[in-house]
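S.K.: Residue numbers for the sequence shown follow the numbering used here, so the first one is 812 and each next one is one higher.
Calculated directly from the structure, the hints in this document are not laboratory data. Watch out, some of these pointers could steer you wrong.
What the hints assert, rightly or not - Simulated DEER-style distance windows between Cβ atoms: (1) Pro852 - Ser940: 41 to 47 Å; (2) His996 - Lys827: 22 to 28 Å; (3) Lys827 - Ile1056: 32 to 38 Å; (4) Glu888 - Glu993: 19 to 25 Å; (5) Phe893 - Pro918: 25 to 31 Å; (6) Lys916 - Lys825: 36 to 42 Å; (7) Ile914 - Arg828: 38 to 44 Å.
Unchecked claim - No more than 25 Å apart at the CA atoms, straight line, and that leaves these computed lysine-lysine pairs for BS3-like: (8) Lys843 - Lys1061; (9) Lys843 - Lys825; (10) Lys842 - Lys825; (11) Lys990 - Lys1047; (12) Lys919 - Lys1043; (13) Lys997 - Lys927; (14) Lys842 - Lys1061; (15) Lys981 - Lys916; (16) Lys981 - Lys1047; (17) Lys997 - Lys913; (18) Lys981 - Lys927; (19) Lys814 - Lys927; (20) Lys832 - Lys990; (21) Lys990 - Lys927; (22) Lys913 - Lys927; (23) Lys915 - Lys1047; (24) Lys895 - Lys927; (25) Lys1043 - Lys990; (26) Lys915 - Lys814; (27) Lys990 - Lys895; (28) Lys915 - Lys927; (29) Lys895 - Lys981; (30) Lys843 - Lys997; (31) Lys997 - Lys895; (32) Lys895 - Lys919; (33) Lys1043 - Lys997; (34) Lys981 - Lys997.
Bear in mind the structure is a predicted one, so any value in this text is a computation, not a measurement. Built from N, CA and C at the ideal position, the CB exists for glycine as well.
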Amino acid sequence: MEKLILENVDVTYKVKRGEFKAVENVSLNIKKGEFICLIGPSGCGKTTTLYAIAGLNPISNGTILLDSTAIRGPGAERGMVFQKDSVFPWLTVAQNVAYGLKIKKSPKNEIVSTVKHYLEMVGLWDSRSLYPRELSGGMRKRVDLARAFANDPEILLMDEPFGSLDAMTKESLQVSILKLWEETHKTVVFVTHDVEEALFLSQHTIVMIGPPGRIRYTMDVPFEYPRNLRIKINPKFLEYRARLINQLVK
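Build the full structure now, drawing on both the sequences and the hints.
M.R.: Printed below as a string of structure tokens:
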């Protein structure tokens, strides 16, 4: 069953010299529970497409449907994880994760159990009383992930969330997000410029080119879950990596 449908989506911005078409004729069908990666060079429209799904970028043509309902603006059913960590500096780790649940007026016992569960999932339960200034960049990103999943949205949208992290921290977080996804089977649309990251995480990797941003190629990733980092040295993984790179450098 399709969870998210994009039909012939264009995004056009007004600029000094007229108009700039950032995304052109993008169509996608994403099933419930799928993990999708959008990959491509800077300027290919992948983040613009993600923001259109989030309702943060108005579309100039086409339709975006979530559960058969047109997206016309932001909504709580879509969780967002940005490139920069978005933790609140005046709240502790636990308070950050609890924030959205309190806004929704969830029962107190449910908030406590949910916060504990997701902080344990990302390895931060023992750090629950710390403030963001006391955390590393990777730890703050774990707080972002825990909060996003704890809020229980219908779909999670992630804009290069690990792009600024060192290689070892990034790989550790890749394992963490798959652990969260395998438990919850949330629908995830994940933007990245990292070929290995896209292949390691996703069921389907979509290559975009541009401007204007458009879809060049869709790869169905054949590796079964659960996945571990050793898959990155598997000959078949390296073969698929080469295929993706060939699509990106055409």
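S.K.: For the pair supplied as a hint, Lys843 and Lys1061, confirm whether the alpha-carbon distance does not exceed 25 Å.
M.R.: violated, 32 Å
S.K.: Hey, Lys990 versus Lys1047, does the alpha-carbon distance stay inside 25 Å?
M.R.: Holds, at roughly 23 Å.
S.K.: Hint check: Lys981 vs Lys916, CA-CA at most 25 Å. Holds or violated?
M.R.: violated, 33 Å
S.K.: For the pair supplied as a hint, Lys981 and Lys997, confirm whether the alpha-carbon distance does not exceed 25 Å.
M.R.: holds, 21 Å
S.K.: For the pair we were handed, Lys981 and Lys927, check the Cα-Cα distance against 25 Å.
M.R.: Measuring from Cα to Cα gives roughly 23 Å; hence the hint holds.
S.K.: Hint check: Lys915 vs Lys1047, CA-CA at most 25 Å. Holds or violated?
M.R.: Answer violated: Lys915 to Lys1047 is near 45 Å, above 25 Å.
S.K.: Would the pair Lys842 and Lys1061 pass a check requiring their Cα atoms to be no farther apart than 25 Å?
M.R.: violated, 29 Å
S.K.: In this structure, is the beta-carbon distance linking His996 and Lys827 contained in 22 to 28 Å?
M.R.: violated, 46 Å
S.K.: Taking only the CA atoms, is the gap from Lys997 to Lys895 under or equal to 25 Å?
M.R.: holds, 22 Å
S.K.: Can the suggested window of 19 to 25 Å be confirmed for the beta-carbon pair Glu888 and Glu993?
M.R.: The hint (19 to 25 Å, Cβ to Cβ) holds, given that Glu888 and Glu993 are roughly 21 Å apart.
S.K.: Check the following: the C-beta atoms of Phe893 and Pro918 are separated by a distance inside 25 to 31 Å.
M.R.: holds, 29 Å
S.K.: Given a hinted range of 38 to 44 Å, is it respected by the beta-carbon distance of Ile914 and Arg828?
M.R.: holds, 42 Å
Figure legend: structure checked against the earlier numbered hints; hints not met, in rising order: 2, 8, 9, 10, 12, 14, 15, 19, 20, 23, 32.
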